[in-house]
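Trainee: Make the full structure from the sequences, and use the hints.
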Amino acid sequence: MAVREARTMAVAVPTTRDDLVVALGRATTDTRIIAGGTDLVRSLRVPGDEPDLLISLGGLRGLSYVRLDGATVRVGATTTFTELQHDPVLREHGLCLALAASTIGSAQIRNVGTVGGNIANASPCADSAPALVALGADVTTVDGAGHTATRPLSEVVLGPYHTSLACDEAIVEFSFPALGPTQRTAFTKIGSRTAVTVARLTCAIVARFDAASGILEEVRVGLGAVGAVAFRVPEVEEALRGQRADAEAAALLAEGCVRAIGRSIPDRPTLPYKQHAAVGLAYDTWNALGLCPPCAPAAHDDRPEEVA
Amino acid sequence: MTDELRVVGRDHPIADAALKVSGALVYATDMRLPRMLYAKLLLSPIAHGRVAHIDATEALALPGVVAVFSHENAPQRLYSRYRLLPDQDCPEDEPLFAETVRFAGDRVAAVVAEGLDIAAAAVRLLRVQYEELPAVLTAEEALREGAIPIHPGGNLLSEFEHAAGERPEARGNEVTVTVATSLPRAHHAALEPHSCIADCDASGKLTMWSPTQSVFGARTVVADLLGLSYSQVRVIKVPMGGSFGGKQEFTLEPVTAFMAMTLRRPVRLALEREECISSTMVRGASTSTVRVTADPAGVLKDLEVDTLFDAGAYGTSSIDYVDMMTKKLTRLYRVPQYRHHCRVVYTTTPVAGGCRAWGAVDITAPMEIAMDRLAGRLGMDPVELRLKNLVEPFDRELLTGAELGDARIRECLVRGAEAFRWDERVQQDPGRGRYRRGVGVACGAHKNGMLSDTFPDFSTMTLKMNEDGSVALGASLHEVGCGAVTAMRLIVAEELGIEPEMVSVTEADSDLTPYDFGCYGSRVTYVCGAAARQTAVALKERLLEVAAVLMGRPVAELCFRGGRIEAASAPGEGLAPAEAVMAAKTVLHEDVSVQSTHQATSNPGAYSAQFAEVVVDTWTGLTRVTDFLAVGDVGRAINRAMVVGQYQGAVQMGIGFALCEEVGLDTAGRVVPGGFKQYHVVNTPDMPDVKVILVEHDGDDGPYGAKSVGEISVVPTVPAVVNAVNRALGTSLSDLPLTPAKVVAALR
Chain V
574 MAVREARTMA VAVPTTRDDL VVALGRATTD TRIIAGGTDL VRSLRVPGDE
624 PDLLISLGGL RGLSYVRLDG ATVRVGATTT FTELQHDPVL REHGLCLALA
674 ASTIGSAQIR NVGTVGGNIA NASPCADSAP ALVALGADVT TVDGAGHTAT
724 RPLSEVVLGP YHTSLACDEA IVEFSFPALG PTQRTAFTKI GSRTAVTVAR
774 LTCAIVARFD AASGILEEVR VGLGAVGAVA FRVPEVEEAL RGQRADAEAA
824 ALLAEGCVRA IGRSIPDRPT LPYKQHAAVG LAYDTWNALG LCPPCAPAAH
874 DDRPEEVA
Chain G
872 MTDELRVVGR DHPIADAALK VSGALVYATD MRLPRMLYAK LLLSPIAHGR
922 VAHIDATEAL ALPGVVAVFS HENAPQRLYS RYRLLPDQDC PEDEPLFAET
972 VRFAGDRVAA VVAEGLDIAA AAVRLLRVQY EELPAVLTAE EALREGAIPI
1022 HPGGNLLSEF EHAAGERPEA RGNEVTVTVA TSLPRAHHAA LEPHSCIADC
1072 DASGKLTMWS PTQSVFGART VVADLLGLSY SQVRVIKVPM GGSFGGKQEF
1122 TLEPVTAFMA MTLRRPVRLA LEREECISST MVRGASTSTV RVTADPAGVL
1172 KDLEVDTLFD AGAYGTSSID YVDMMTKKLT RLYRVPQYRH HCRVVYTTTP
1222 VAGGCRAWGA VDITAPMEIA MDRLAGRLGM DPVELRLKNL VEPFDRELLT
1272 GAELGDARIR ECLVRGAEAF RWDERVQQDP GRGRYRRGVG VACGAHKNGM
1322 LSDTFPDFST MTLKMNEDGS VALGASLHEV GCGAVTAMRL IVAEELGIEP
1372 EMVSVTEADS DLTPYDFGCY GSRVTYVCGA AARQTAVALK ERLLEVAAVL
1422 MGRPVAELCF RGGRIEAASA PGEGLAPAEA VMAAKTVLHE DVSVQSTHQA
1472 TSNPGAYSAQ FAEVVVDTWT GLTRVTDFLA VGDVGRAINR AMVVGQYQGA
1522 VQMGIGFALC EEVGLDTAGR VVPGGFKQYH VVNTPDMPDV KVILVEHDGD
1572 DGPYGAKSVG EISVVPTVPA VVNAVNRALG TSLSDLPLTP AKVVAALR
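One line per chain: the protein sequences are V and G, in this order.
For the first sequence, my numbering assigns the number 574 to the initial residue and increments by one for each residue that follows.
For the second sequence, my numbering assigns the number 872 to the initial residue and increments by one for each residue that follows.
These are calculated hints, taken from the structure and not from any lab test.
Misleading hints may appear alongside valid ones.
[To be verified] Pair by pair, the computed Cβ-Cβ distance ranges are:
hint, chain 1, residue 1, chain 2, residue 2, range
1, G, Glu1143, V, Thr767, 49 to 59 Å
2, G, Ala1035, V, Tyr734, 53 to 63 Å
3, G, Ala1035, V, Thr767, 43 to 53 Å
4, G, Val897, V, Tyr734, 35 to 45 Å
Glycine included, C-beta positions come from ideal geometry on N, C-alpha and C.
Mentor: Shown next as structure tokens:
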């Protein structure tokens, strides 16, 4: 009885890279690429936004991997968050991404959600984004003509739910310099609850540290959920370079994050909260690096309201 | 008494547990009737305006679309979705489809189609022009001079004051605190969104399948609206995935019934989560200002409350709901004078309706937050202050003079304080570090059924014994997930001396099962449970009557012994009940079945004292409840594991109300989209291990002494958590929920 003319949608499930290129060759601006589907499936239920063609990456087993290629870590686009969370190579050479993956959604979401989808969806709150930013990740794509291209993440994610990806272009890999024994990394997140929560603020740090001198040689800081896209904070990175890894460095990190957030979302009503919370988050991230004994922000000047 | 109980008071799985966990339970949205159509609503995208024009041309042209309904082709009669009894006083202000939309989420139109995807696509093809009117988003705004009237009678839906007692002469050394506490709109968050199926056959008989809390109420509203006799409308309660009061009123039934009756085909209407949040009902937003006065020893002298309640776009139950807010505090505390002024106000926001504990949560939070403030002013321990003022067993409460029965709130508080080690933990210094720890306590009172000086309560049930000695209880139960069906089973099994598996229990079907108001109002265990027990007693009497005839002995000589009917004078001689039932059929040509009506004669207090420990991160503003103890005066636990589970679930809901749950509106009055991604309840990783202590005793009229659990369990949770946060931080937060942003703002 049911009449189905209200919606027609083709689905392509390529199983090889060549098939993927063929499928991408058919793509239009109404085409959507689906990986884990944790964001897309929900939007597919909204009538009127049906894609003409849905290209599933689910058949491409070869796109799910984490491997060390010389001094480079390569992460396949359809690697799930659960896989990232537990991958021994990633935990050794890019821990902040594994930690970011572990905070995403619920176990069910992490079992199907992918890092490629997280970036291609381009939510300002994407948990993997600040980690990839701090790791200095590049994005490799393939398009309908079979061309492969690699560019920095910052050139892919341009704004909220907005990327430079062409309609016939799919992310196939992320790559970043493998972290070595002199580098430490951490990722922390504030949501509105402990788990299964959208990020309100995320912070990833990668730090190269000279154990002998106790000096920070190079620091990269990525902030997420406090602007259109996840971003690096060069000002903090500059300030921390050459600093001793101690409580003063933690304070510099916190101050720098607060200022960066002020610049990023000056008119947002959530600014006062996020700036305040950023202090706590920065200290949590710093302490997670384990470079010095845990330090705490100086107690802020809380003045309890007069009891009525 | 407990020693003699065989079944009652132990742990039993709920009746439909296996069906639920295996996915076999058939909910309304799992049903497929032959020729069934699918409806989809067009909800207003604006908070206030006139529907100037609806162009359905494109929608109707879509293959598979059967009909489009709007105010242009639907009855204009206004109704109340809340009505239970035909002569009940409730505001009739809601149309099936709005010509003037009064909130973002109001029903503008509906498309009915052969498939759900077609209906959904067609709704997007409806072209509607609105003439916008000013939105009125808060109760304060609605009452302002010159505010646009949302309904013809103006924006003040109701204003009333209840007062009793006299304030003792002032000695000049009294201490008064005044605290205003605000509760936001909240979503009931039942896992099953609202759904309903209606069918109208060729004879004009309308049948509805609905996960409702009251089939007879649904029947009243639908029949009155559509001009049908009550015999032409049959409402069948189907499995329900939770309600918390959100399915007490009849949100989808009227419109679904109208469409099915018009089209003479089955019509299914089911909402998505976001529609459910914005368009059905919310717990209304309210602000209550408590002014409480005590002498230097902490003895209350006066209690004055002012409540401003945002009813949203339609009146529904809001007047009664707010009236209920005035019936709680004098059940909890002895106070010489109580005065409560209330205003119930229309706004162009989502419709307020019944929500778990009906006003008790909304008024207990302001009161108990104020009590902690008072304790602070008096330099007194919060537990000590409460013990100076809590009611005693068999008190009469001030406002209505109602007897409170064996009210054990003092025992709850004392036992809880000891188990929680309150005296020790309250002394702990929260410190000046990043993480501050604090404990909080609160008490709450609720009721047992709907009996009052203005409203009756009773329940009717039937019970028949089968030829094998098993029994079938015919009752208009509405299982909402709390285990009511199982509780009835246990009560009947206990009374008859048989196993629970030998008892079948019906849910409500307005054509088939006896009259009952419905499952709400904390009446099911206390009133329906008593009815079940009374009906079982009546069946035993009937069995003795039958056995007397069969055995040729006077009834007075017979009794039940060891599961058999025997004559006192002739042990060993007698009949098993099953034998009596068989012989009744074959020898006497009679059935062994009874009907009995239990009339409630009391409505004692239900009580709980709760203790929370929280840790607040002063930088992120996140609050974590790290320990929780709930003590409940339950009279008697019928199904112990379920009672403990009820308390634990209630605490989870209450923590959410305290810390994060809020249906947010944007500046245009639209609900912030996102469903459960946006509307956060407290989930398992953030839940403490909730410990539960049950205070059990005889002395009240419920079955085996049982009192209500489902609502009282959530009543003190919010203030227990808020008081703990305020103790940890040295703040006086009372604008709920205590979001990280509010916590941080209070510290800055």
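Trainee: Look at each hint and say if it fits the structure.
Mentor: Against the structure, the hints come out as follows:
Remark: the range hint 49 to 59 Å for Glu1143 (chain G) to Thr767 (chain V) is contradicted by a beta-carbon distance near 27 Å. The supplied range of 53 to 63 Å is met by Ala1035 (chain G) and Tyr734 (chain V), whose beta-carbon atoms lie about 59 Å from each other. Taken as a hint, the range 43 to 53 Å holds for the pair Ala1035 (chain G) and Thr767 (chain V), whose Cβ atoms sit roughly 46 Å apart. Against the hinted window of 35 to 45 Å, the Cβ-Cβ separation of Val897 (chain G) and Tyr734 (chain V) comes to about 39 Å, which satisfies the hint.
Hint 1 from the list above is the single one not met by this structure.
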